[in-house]
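K.L.:
Read off the chains here:
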Amino acid sequence: MLYRTLDLAYLLEGELVGDPEVVITGLAKIEEAEPGELTFLANPKYEKYLSETRASAVLVSREQLAEGKLLIRVDDPYRCFAKLLSVFYPPEPLVELGVHPAAVLGKDVTIGQGVRIAAGVVIGAHSVIGDDIALYPQVSIGEDVTIGAGSIIRAGVSIRHGVRIGCRVIIQDNAVIGSDGFGFAPTQDGGYEKIPQVGTVIIEDDVEIGAGCTIDRATLGATRIESGAKLDNLIQIAHNVVIGANTVIAAQTGISGSTKIGKNCMIAGQVGFAGHLTLGDRSLVGAQSGVSKSWPDNSKIFGYPAIPLGEELRLQATMRKLPELAKTLDRLVKKVEELSAKRNAQ
Amino acid sequence: MLYRTLDLAYLLEGELVGDPEVVITGLAKIEEAEPGELTFLANPKYEKYLSETRASAVLVSREQLAEGKLLIRVDDPYRCFAKLLSVFYPPEPLVELGVHPAAVLGKDVTIGQGVRIAAGVVIGAHSVIGDDIALYPQVSIGEDVTIGAGSIIRAGVSIRHGVRIGCRVIIQDNAVIGSDGFGFAPTQDGGYEKIPQVGTVIIEDDVEIGAGCTIDRATLGATRIESGAKLDNLIQIAHNVVIGANTVIAAQTGISGSTKIGKNCMIAGQVGFAGHLTLGDRSLVGAQSGVSKSWPDNSKIFGYPAIPLGEELRLQATMRKLPELAKTLDRLVKKVEELSAKRNAQ
Amino acid sequence: MLYRTLDLAYLLEGELVGDPEVVITGLAKIEEAEPGELTFLANPKYEKYLSETRASAVLVSREQLAEGKLLIRVDDPYRCFAKLLSVFYPPEPLVELGVHPAAVLGKDVTIGQGVRIAAGVVIGAHSVIGDDIALYPQVSIGEDVTIGAGSIIRAGVSIRHGVRIGCRVIIQDNAVIGSDGFGFAPTQDGGYEKIPQVGTVIIEDDVEIGAGCTIDRATLGATRIESGAKLDNLIQIAHNVVIGANTVIAAQTGISGSTKIGKNCMIAGQVGFAGHLTLGDRSLVGAQSGVSKSWPDNSKIFGYPAIPLGEELRLQATMRKLPELAKTLDRLVKKVEELSAKRNAQ
Chain A
1 MLYRTLDLAY
11 LLEGELVGDP
21 EVVITGLAKI
31 EEAEPGELTF
41 LANPKYEKYL
51 SETRASAVLV
61 SREQLAEGKL
71 LIRVDDPYRC
81 FAKLLSVFYP
91 PEPLVELGVH
101 PAAVLGKDVT
111 IGQGVRIAAG
121 VVIGAHSVIG
131 DDIALYPQVS
141 IGEDVTIGAG
151 SIIRAGVSIR
161 HGVRIGCRVI
171 IQDNAVIGSD
181 GFGFAPTQDG
191 GYEKIPQVGT
201 VIIEDDVEIG
211 AGCTIDRATL
221 GATRIESGAK
231 LDNLIQIAHN
241 VVIGANTVIA
251 AQTGISGSTK
261 IGKNCMIAGQ
271 VGFAGHLTLG
281 DRSLVGAQSG
291 VSKSWPDNSK
301 IFGYPAIPLG
311 EELRLQATMR
321 KLPELAKTLD
331 RLVKKVEELS
341 AKRNAQ
Chain B
1 MLYRTLDLAY
11 LLEGELVGDP
21 EVVITGLAKI
31 EEAEPGELTF
41 LANPKYEKYL
51 SETRASAVLV
61 SREQLAEGKL
71 LIRVDDPYRC
81 FAKLLSVFYP
91 PEPLVELGVH
101 PAAVLGKDVT
111 IGQGVRIAAG
121 VVIGAHSVIG
131 DDIALYPQVS
141 IGEDVTIGAG
151 SIIRAGVSIR
161 HGVRIGCRVI
171 IQDNAVIGSD
181 GFGFAPTQDG
191 GYEKIPQVGT
201 VIIEDDVEIG
211 AGCTIDRATL
221 GATRIESGAK
231 LDNLIQIAHN
241 VVIGANTVIA
251 AQTGISGSTK
261 IGKNCMIAGQ
271 VGFAGHLTLG
281 DRSLVGAQSG
291 VSKSWPDNSK
301 IFGYPAIPLG
311 EELRLQATMR
321 KLPELAKTLD
331 RLVKKVEELS
341 AKRNAQ
Chain C
1 MLYRTLDLAY
11 LLEGELVGDP
21 EVVITGLAKI
31 EEAEPGELTF
41 LANPKYEKYL
51 SETRASAVLV
61 SREQLAEGKL
71 LIRVDDPYRC
81 FAKLLSVFYP
91 PEPLVELGVH
101 PAAVLGKDVT
111 IGQGVRIAAG
121 VVIGAHSVIG
131 DDIALYPQVS
141 IGEDVTIGAG
151 SIIRAGVSIR
161 HGVRIGCRVI
171 IQDNAVIGSD
181 GFGFAPTQDG
191 GYEKIPQVGT
201 VIIEDDVEIG
211 AGCTIDRATL
221 GATRIESGAK
231 LDNLIQIAHN
241 VVIGANTVIA
251 AQTGISGSTK
261 IGKNCMIAGQ
271 VGFAGHLTLG
281 DRSLVGAQSG
291 VSKSWPDNSK
301 IFGYPAIPLG
311 EELRLQATMR
321 KLPELAKTLD
331 RLVKKVEELS
341 AKRNAQ
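First to last, the sequence lines map onto chains A, B and C. Okay, so the first sequence: first residue is 1 according to this note's numbering, each after it adds one. Okay, so the second sequence: first residue is 1 according to this note's numbering, each after it adds one. Okay, so the third sequence: first residue is 1 according to this note's numbering, each after it adds one.
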């Protein structure tokens with residue numbers, strides 16, 4: 001589809017600076033854009049590209065200046081660009097409407113209106129599949145599972161028996177929801193006995209779960225991902241964990257059993273949380289941190305073990321000087337010995 | 001099902017402190033229990049909840065006191081609670097008995113008695129499936145695989161050709177057993193040539209493998225998980241690794257090629273082991289550690305790189321004071337310079 | 001198959017030191033080899049085994065000496081051993097030739113010559129499957145996917161719509177190619193709105209992707225794995241990342257959005273890269289490093305945060321002495337106070 005810059009500025013409620021009749025044929029990143037394309041500038045790191053970009057127009061913030069460039073000034077260039085993505089590019093084709101004959105449904109499965117169930121899907125007895133749901137190939141759904149309307153479950157996802165999934169949830173490929181929690185009691189012969197994991201997983205509305213994530217069922221009660229939380233790929237959520245509403249977690253982070261993460265937190269990648277902790281609402285955790293104790297609301301923590309961000313940055317700065325400090329200390333020891341010797345010689 | 005406290009105390013060989021006729025309707029965690037439920041106290045962290053819990057009865061250790069609470073005193077409250085889980089909650093429904101018509105079996109596959117093979121399972125030629133095995137949907141089994149009696153293989157697991165799996169093994173969803181080891185020889189043009197990975201994986205009896213784990217086949221010989229070992233989710237086991245009997249490994253740990261982990265070890269989450277190392281029996285490794293050399297039996301190590309636990313804790317304590325130490329050193333340098341200057345001025 | 005040492009030396013263009021008529025029946029690692037087997041010595045760590053090995057012959061480098069041992073001296077013992085693996089052991093059985101009746105192909109799918117498509121494979125409309133490709137059970141391929149000749153896709157892999165895969169690519173079990181990138185824009189109510197991920201993934205020729213890897217599609221444009229790159233298991237590649245040609249990445253490493261890794265790099269396991277960085281060609285990154293800024297060609301970096309390798313090793317060495325340094329500083333403070341007091345007392 002083609003749009004004039006005038007139309008796009010109108011659509012985005014933006015201020016047009018430059019020619020309103022330029023035709024935009026597509027979107028691109030600022031360093032890769034070609035003539036005819038529109039790009040955006042949101043991350044200050046990329047400001048250097050603004051003068052060089054070959055894009056025909058640039059979405060920028062309200063205050064941005066750029067001589068000789070065709071600009072559309074908006075409140076939030078990234079969100080506006082995101083909006084245009086859906087305008088310029090057709091959405092990914094969904095699974096075909098209906099239940100594919102090569103899907104296998106157990107007894108008393110309830111299927112809503114407008115569902116799309118692909119070949120190779122297996123659904124266990126008594127499960128309830130809401131309206132407008134898309135299940136991609138090889139999704140496995142256990143018994144007594146409920147999935148709310150509008151959810152999209154990608155290929156190879158396994159959802160185990162009794163799990164509850166809300167509306168408009170997206171689960172990326174090969175994620176696992178409801179695997180057994182990791183619980184064993186030592187036996188007298190040095191081995192272990194499995195603790196039955198009789199709880200479940202509850203995933204509330206508007207959650208997104210990344211590819212390859214593993215979310216264990218609770219020993220008792222429920223592991224819970226609250227509404228609007230977003231999990232990146234390959235994240236491990238242990239039994240009885242709670243992830244607060246609208247919390248965002250980056251890839252490869254792991255959260256040990258019974259830990260409760262607050263609402264509206266941002267947790268970077270490859271972070272590890274010990275078990276039985278609490279992280280307060282609106283907290284930030286830096287990448288690769290190791291969180292070994294509880295933290296209150298609004299914490300900003302970082303490091304291994306995690307400490308307040310400012311402290312960790314000071315620590316890292318000092319640490320880099322450590323070999324030098326050691327040398328200074330060495331020299332000082334000698335100097336003081338000299339002084340002391342001279343004094344004693346007096 | 002309902003039980004009187006008297007019956008439960010009898011069942012657990014425990015000592016009842018309080019009313020024997022209270023009816024228990026279910027189990028719950030101490031901070032979530034409601035009247036009518038029984039809970040337990042095993043982790044001292046949770047002792048504060050003992051006076052507050054709304055539970056009608058609490059499983060505690062033999063010495064535990066708690067005024068006004070109905071107690072059942074036992075040797076091991078956690079194990080007893082685990083036992084009650086199976087008493088109060090029915091086990092998860094297994095796959096239906098028999099071979100589902102939508103499963104695909106290759107030539108000369110041998111199937112034992114009492115097997116449960118779900119829709120979408122594919123089994124390669126010459127494989128042997130023991131008695132009482134459950135294979136969930138979309139399990140893929142290669143050629144010449146053997147699986148021992150009583151094993152449970154969850155949805156989406158891939159077991160590659162020639163792998164040997166023992167009895168009563170549990171493999172959680174989407175794990176991979178027998179993928180190619182990561183071996184390449186550099187070529188003269190700067191590229192790499194694949195080293196054939198002609199070995200296999202042997203998983204002994206009573207092992208549990210977590211969801212999304214990847215266990216590579218050996219280059220030659222076997223990658224081996226010894227009997228009773230328990231692996232949490234998303235663990236990477238490289239080619240020719242050996243995991244000793246009854247060793248427990250937490251989520252997201254990775255073990256590089258040819259490393260041998262001893263028996264009865266406990267390895268925390270997100271730990272990394274370099275290749276060609278040995279970790280002795282009964283060793284403990286702290287979370288997120290980076291193990292870069294071999295360690296003898298009974299080691300307790302922690303850190304990046306991993307060092308003896310006590311040393312690491314001292315190190316971390318000192319490190320936290322590092323910015324302060326740097327300031328002290330700074331002041332001291334000035335002071336010594338003054339002293340020295342005065343001395344020289346004498 | 002059986003071979004005489006003479007024949008093997010001839011095949012490998014090696015120099016035979018010892019009896020040319022010894023019959024070799026198999027291959028083994030140096031510490032596990034039995035009489036009748038041939039082994040190799042490449043890693044100096046294993047040199048201690050050379051005198052003890054029970055192997056009947058040993059592949060060694062041109063200069064290696066070992067009294068009383070039957071040696072075949074070659075330029076590259078590891079590569080020669082790898083070559084013999086294919087000579088002694090038959091290759092893993094491939095999927096049967098043809099399209100299994102329990103595979104499901106969408107409209108207008110194009111299938112090349114000599115393909116092997118297993119039961120449970122689902123291929124979306126308009127996809128193009130090149131010659132001599134093997135698709136294992138439960139592979140899910142979206143719409144408009146292209147896979148080049150000679151590629152091998154293992155069980156449970158999900159390749160999402162529009163992805164382009166080159167020739168001779170190997171993708172291990174349960175990997176995901178083309179899952180949605182992790183992109184959300186905050187909304188005014190504290191939640192998040194999904195940014196459409198309309199880009200794709202391009203995997204060039206001769207790439208290998210490990211089991212359980214997740215490679216996200218680009219927001220716009222393509223996430224790209226260049227020719228000859230090798231990825232171990234459970235690696236996370238975020239949207240718009242580029243991995244340079246012939247770069248090797250060990251297990252459980254994660255690379256954040258838009259980061260560009262150069263060609264011929266070697267990246268160890270459990271490394272994390274922040275987003276929007278560049279790592280230059282031929283760089284090395286140590287295990288568990290946290291890479292927080294860009295680095296030029298030929299960098300060797302290590303640590304958390306990653307710094308030049310030599311610096312990090314010096315830092316780690318000094319750090320181990322830190323508790324001792326703190327004590328020295330303490331003593332020194334007292335000593336200087338004494339000196340100062342004495343001086344003032346004069």
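It should be emphasised that the hints constitute simulated quantities derived from the structure, not laboratory data. Hints may be right or wrong, so weigh each one.
Unchecked claim - Straight-line Cα separation of at most 27 Å, DSSO-like style, residue types lysine-lysine; simulated pairs: (1) A:K342 <-> C:K335; (2) B:K107 <-> A:K260; (3) B:K260 <-> C:K45; (4) C:K300 <-> C:K260; (5) A:K194 <-> B:K263; (6) B:K335 <-> A:K321; (7) C:K45 <-> A:K321; (8) C:K335 <-> A:K321; (9) A:K327 <-> C:K321; (10) C:K260 <-> A:K335; (11) A:K327 <-> C:K260; (12) A:K45 <-> C:K321; (13) B:K334 <-> C:K335; (14) A:K293 <-> B:K300; (15) C:K327 <-> B:K327.
Stated by the list, open to error - Covered by chain B, per the in silico footprint, the following chain A stretches (three or more residues, Cβ under 8 Å): (16) 47 to 59; (17) 75 to 88; (18) 155 to 163.
The structure displayed is predicted, hence computed values, not measured ones. Cβ coordinates follow ideal geometry from the N, Cα and C atoms, glycine included.
K.L.:
Does each hint hold? Answer for all of them.
P.N.:
Now the hints, each set against the structure:
1. A:K342 <-> C:K335: Roughly 14 Å separates the two Cα atoms, so the pair holds.
2. B:K107 <-> A:K260: violated, 50 Å
3. B:K260 <-> C:K45: Within the cut-off at roughly 15 Å; holds.
4. C:K300 <-> C:K260: holds, 16 Å
5. A:K194 <-> B:K263: Satisfied, since the Cα-Cα distance of roughly 18 Å is no more than 27 Å.
6. B:K335 <-> A:K321: Holds: B:K335 and A:K321 sit about 21 Å apart, inside 27 Å.
7. C:K45 <-> A:K321: With a Cα-Cα distance of about 34 Å, the restraint between C:K45 and A:K321 is violated, given a limit of 27 Å.
8. C:K335 <-> A:K321: Distance ~24 Å between C:K335 and A:K321 Cα, so the pair holds.
9. A:K327 <-> C:K321: holds, 12 Å
10. C:K260 <-> A:K335: violated, 50 Å
11. A:K327 <-> C:K260: violated, 38 Å
12. A:K45 <-> C:K321: Measuring from Cα to Cα gives roughly 39 Å; hence the hint is violated.
13. B:K334 <-> C:K335: Holds: B:K334 and C:K335 sit about 14 Å apart, inside 27 Å.
14. A:K293 <-> B:K300: holds, 21 Å
15. C:K327 <-> B:K327: holds, 15 Å
16. 47 to 59: It is violated: at least three residues are needed, and the segment 47 to 59 of chain A offers just 0 whose Cβ sits closer than 8 Å to chain B.
17. 75 to 88: violated (count 0)
18. 155 to 163: holds (count 5)
Violated hints, listed in ascending order, are 2, 7, 10, 11, 12, 16 and 17; each of the other numbered hints is respected by the structure.
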